[in-house]
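Chains as they are written, first to last, in my numbering: chain W, 1 to 222; chain R, 223 to 444.
Source of the hints: derived by calculation from the structure; they are not laboratory data. Errors might be hidden in some of the hints.
[Unchecked claim] Reference excerpt, derived from the structure (chain W facing chain R, CB under 8 Å, subset only): (1) 40; (2) 71; (3) 123; (4) 147; (5) 152; (6) 153; (7) 165; (8) 171; (9) 184; (10) 205; (11) 209.
The beta carbon of each residue, even a glycine, is placed where N, CA and C say it ideally should be.
Number of protein chains: 2
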Amino acid sequence: MPKISLKSNVLSKNDHIAQEIRSQLHSLGIWTINLIGSPGSGKTSLLEAVFSYFDDTGTCAVIEGDVKTDNDMQRIAARGVPAVQIQTEGACHLNAEQIKNKLSQLPLTEINLLIIENVGNLICPVAFDLGEDSRAIIISVPEGVDKPLKYPSAFASADVMVITKIDLAPYVDVSPLELKTNALSINPGLEVFCTSAKTGIGLEKFANFLLHTRKKSTQQNE
Amino acid sequence: MPKISLKSNVLSKNDHIAQEIRSQLHSLGIWTINLIGSPGSGKTSLLEAVFSYFDDTGTCAVIEGDVKTDNDMQRIAARGVPAVQIQTEGACHLNAEQIKNKLSQLPLTEINLLIIENVGNLICPVAFDLGEDSRAIIISVPEGVDKPLKYPSAFASADVMVITKIDLAPYVDVSPLELKTNALSINPGLEVFCTSAKTGIGLEKFANFLLHTRKKSTQQNE
């Protein structure tokens with residue numbers, strides 16, 4: 001069974017590095033979240049918008065993952081948040097080694113929240129632990145209500161779901177409630193946020209989740 | 223270099239089967255198009271809408287690819303178009319062997335157009351020839367203008383781009399013209415269609431492309 005062994009080895013190596021990352025970040029009092037979503041689901045726009053609810057963006061950093069371009073890193077940096085870019089040059093997901101190699105470029109002694117924005121893909125990033133404490137699925141209203149049923153692993157592996165572009169619901173005949181119901185049928189434990197970067201709906205609540213959770217985590221680690 | 227050899231072998235086997243499929247379909251006078259796009263880019267809705275411009279949907283068949291569910295096959299079949307579903311059970315793209323195994327379930331002697339709707343993913347399906355004559359990238363307006371720059375391989379490997387959900391442009395501050403310009407900067411040869419399944423914009427033009435091209439192809443093969 002060479003295919004299975006090869007895959008297992010890759011994942012085992014990745015998981016080992018991910019655990020090292022988690023230990024290192026915990027020892028520094030840093031809480032980490034991994035954002036997974038389709039291309040154009042609004043991951044970067046969500047972050048841009050949510051940062052305006054942070055009193056001090058200097059206590060947060062972002063690792064951006066994309067096949068090509070550093071556009072997203074530039075957008076985040078323009079908000080005063082330390083950011084680095086990983087360009088995968090064709091690869092369909094981030095892996096733990098790439099994260100490990102970028103940590104030295106971040107102000108780790110100054111932050112207590114690390115946000116990783118994965119490559120736009122609802123399938124491949126799911127299998128790769130990046131050392132995160134929390135995993136969020138970002139799904140936009142125009143993608144439709146059936147995506148949790150079609151891509152169940154993504155939703156099953158997450159503990160948070162952020163529905164974005166909720167302002168578009170009236171124009172696309174998509175019910176955010178039905179989308180939420182479908183996601184909860186896959187993973188009843190999902191914490192769900194409904195947001196719009198355009199109108200501001202739900203942003204403060206998601207910002208509070210990030211700020212509260214990292215604070216709780218930091219206190220636990222002290 | 224074991225990694226490269228393994229990947230080369232997989233692709234070489236896939237390409238060999240794809241060439242067999244292409245030969246078989248050409249011998250039957252069937253023209254094939256492979257639709258690649260993000261989850262929720264509107265591939266199935268585009269097909270549903272475009273079929274209303276076909277005089278005879280019985281001369282067309284669809285192979286649907288999804289990680290899970292046969293929802294899309296059901297939607298296509300409800301339009302009177304022969305359709306079969308491939309559920310990849312976790313895999314991030316269709317491969318030629320899966321297509322080959324499904325051909326016997328299609329009315330090949332009655333059709334002259336085969337449409338393959340790939341798994342929702344803008345990265346992984348690109349490397350896998352399915353025996354198609356044409357490859358179309360389906361991208362929806364809400365995904366944003368920068369996707370051709372971020373996922374260049376998808377756009378470079380296609381000969382057609384269909385922009386969907388163009389009715390949403392005013393609500394998302396996305397310029398379809400800028401999206402088109404970015405795509406053409408990656409691949410100047412792309413034939414571009416701007417469509418809305420909701421308002422009907424551009425559907426007849428895309429239907430005519432499908433009908434005209436298959437007719438031309440059938441005549442060439444006679």
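Status of the hints after comparison with the structure:
Satisfaction of the interface hint for residue 40 of chain W is found here, the shortest Cβ-Cβ separation to chain R being roughly 3 Å, below the 8 Å cut-off. With its C-beta approaching chain R no nearer than about 6 Å, residue 71 of chain W sits inside the 8 Å limit, and its interface hint holds. With a least beta-carbon distance of about 4 Å to chain R, the hint placing residue 123 of chain W at the interface is held under the 8 Å criterion. For residue 147 of chain W, the interface hint holds, the least distance from its beta-carbon to any beta-carbon of chain R being 6 Å, beneath 8 Å.
Below 8 Å, beta-carbon pairs count as interface contacts, and residue 152 of chain W has one with chain R at about 6 Å; its hint therefore holds. Given the 8 Å rule on beta carbons, the hint for residue 153 of chain W holds: about 7 Å separates it from the nearest Cβ of chain R. Interface hint at residue 165 of chain W: satisfied, since its Cβ lies 7 Å from the closest Cβ of chain R, which is below the 8 Å cut-off. Because the smallest distance between the Cβ of residue 171 of chain W and any Cβ of chain R comes to about 6 Å, under 8 Å, the interface hint for this residue holds.
For residue 184 of chain W, the interface hint is violated, since its Cβ never comes within 8 Å of a Cβ in chain R; the closest pair sits about 16 Å apart. Because the beta carbon of residue 205 of chain W sits about 22 Å from the nearest beta carbon in chain R, more than 8 Å, this interface hint is broken. Checking residue 209 of chain W against chain R by beta carbon gives a least distance of about 24 Å; that is not within 8 Å, so the hint is violated.
Consistency with the previously given hints fails for numbers 9, 10, 11, ordered from lowest to highest.
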